[in-house]
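Required output: the full structure, derived from the provided sequences and hints.
So the sequence shown is residues 1 to 128, counted in our numbering.
Since the hints were made in silico from the structure, they are not lab data. Hints may contain errors.
[Claimed, not checked] Only pairs whose alpha carbons sit at most 30 Å apart, straight line, appear in this in silico DSS-like list of lysine-lysine:
no.	residue 1	residue 2
1	K69	K98
2	K98	K121
3	K62	K121
4	K69	K121
5	K62	K98
[Said to hold, decoys possible] Derived Cβ-Cβ restraints for the label pairs, each shown as a range:
no.	residue 1	residue 2	range
6	D20	G128	28 to 38 Å
7	V34	A111	28 to 38 Å
8	G128	V36	24 to 34 Å
9	Y122	D65	28 to 38 Å
10	D27	G57	47 to 57 Å
11	S87	H43	18 to 28 Å
12	A55	Q116	23 to 33 Å
13	A55	P19	29 to 39 Å
14	D95	S18	33 to 43 Å
15	V110	I28	37 to 47 Å
16	S87	G124	13 to 23 Å
For each residue, glycine too, the CB sits at the ideal point set by N, CA and C.
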Amino acid sequence: MSDATPSPEFPTGSAPDSPDFDTLTRDIADVPAVEVITTVAVHLMSAAAVNLGLAEGGEGHKDLDEARKLIHSLAGLLDASATEISSFHAAPLRDGLKSLQLAFREASLVADEPGQGPGEKYTGPVFG
Numbered sequence: 001m002s003d004a005t006p007s008p009e010f011p012t013g014s015a016p017d018s019p020d021f022d023t024l025t026r027d028i029a030d031v032p033a034v035e036v037i038t039t040v041a042v043h044l045m046s047a048a049a050v051n052l053g054l055a056e057g058g059e060g061h062k063d064l065d066e067a068r069k070l071i072h073s074l075a076g077l078l079d080a081s082a083t084e085i086s087s088f089h090a091a092p093l094r095d096g097l098k099s100l101q102l103a104f105r106e107a108s109l110v111a112d113e114p115g116q117g118p119g120e121k122y123t124g125p126v127f128g
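Laid out in structure tokens, this is it:
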């Protein structure tokens with residue numbers, strides 16, 4: 001049998017240890033919405049921090065335009081999900097958002113007007 005011929009046990013593109021699509025779909029269905037929302041928020045926060053140059057060796061990854069987009073998206077997500085997730089989950093995310101907004105303001109060469117910074121459409125003006 002050539003390497004190009006799929007084995008009857010493992011169809012092309014699958015391996016013995018990789019779950020099938022139906023298994024993955026069932027797994028994500030078991031994850032509570034609040035966990036999905038907070039996970040997405042943490043990913044947005046992490047990506048924004050890297051683009052603000054806050055990661056180790058971060059100056060090489062600094063991109064304020066990308067950071068602005070990520071912070072704005074995070075603020076929108078938190079604003080939209082405020083009634084869906086408890087204060088227990090929302091409070092640390094809001095604190096992280098404010099820290100990112102302040103870091104953006106500090107890193108930016110041209111200061112945004114109060115209320116015009118990333119995400120401030122949703123949070124209002126952010127002051128230290």
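Hints, one by one, checked against the model:
About 15 Å separates the Cα atoms of K69 and K98, which keeps this hinted pair within 30 Å; it holds. Only pairs whose Cα atoms come within 30 Å are accepted, and K98 paired with K121 is accepted, the gap being roughly 13 Å. Of the pairs offered as hints, the one joining K62 and K121 holds, with about 23 Å between alpha carbons and a cut-off of 30 Å not exceeded. About 13 Å separates the Cα atoms of K69 and K121, which keeps this hinted pair within 30 Å; it holds.
Of the pairs offered as hints, the one joining K62 and K98 holds, with about 19 Å between alpha carbons and a cut-off of 30 Å not exceeded. About 51 Å separates the C-beta atoms of D20 and G128, a value inconsistent with the hinted range of 28 to 38 Å. For V34 and A111, the hinted distance range of 28 to 38 Å is satisfied, since their beta carbons lie about 36 Å from each other. Remark: the range hint 24 to 34 Å for G128 to V36 is upheld by a beta-carbon distance near 32 Å.
The hinted range of 28 to 38 Å is not satisfied by Y122 and D65, whose Cβ atoms lie roughly 19 Å apart. Separated by about 35 Å at the C-beta atoms, D27 and G57 break the suggested range of 47 to 57 Å. Between S87 and H43 the beta carbon distance is about 21 Å. The supplied range of 18 to 28 Å therefore holds. With their beta carbons about 26 Å apart, A55 and Q116 fall inside the hinted range of 23 to 33 Å.
For the hinted restraint 29 to 39 Å between A55 and P19, the CB-CB distance of approximately 32 Å keeps it satisfied. For D95 and S18, the hinted distance range of 33 to 43 Å is satisfied, since their beta carbons lie about 38 Å from each other. One distance hint, 37 to 47 Å for the beta-carbon pair V110 and I28, holds here, with the actual separation near 42 Å. With their beta carbons about 18 Å apart, S87 and G124 fall inside the hinted range of 13 to 23 Å.
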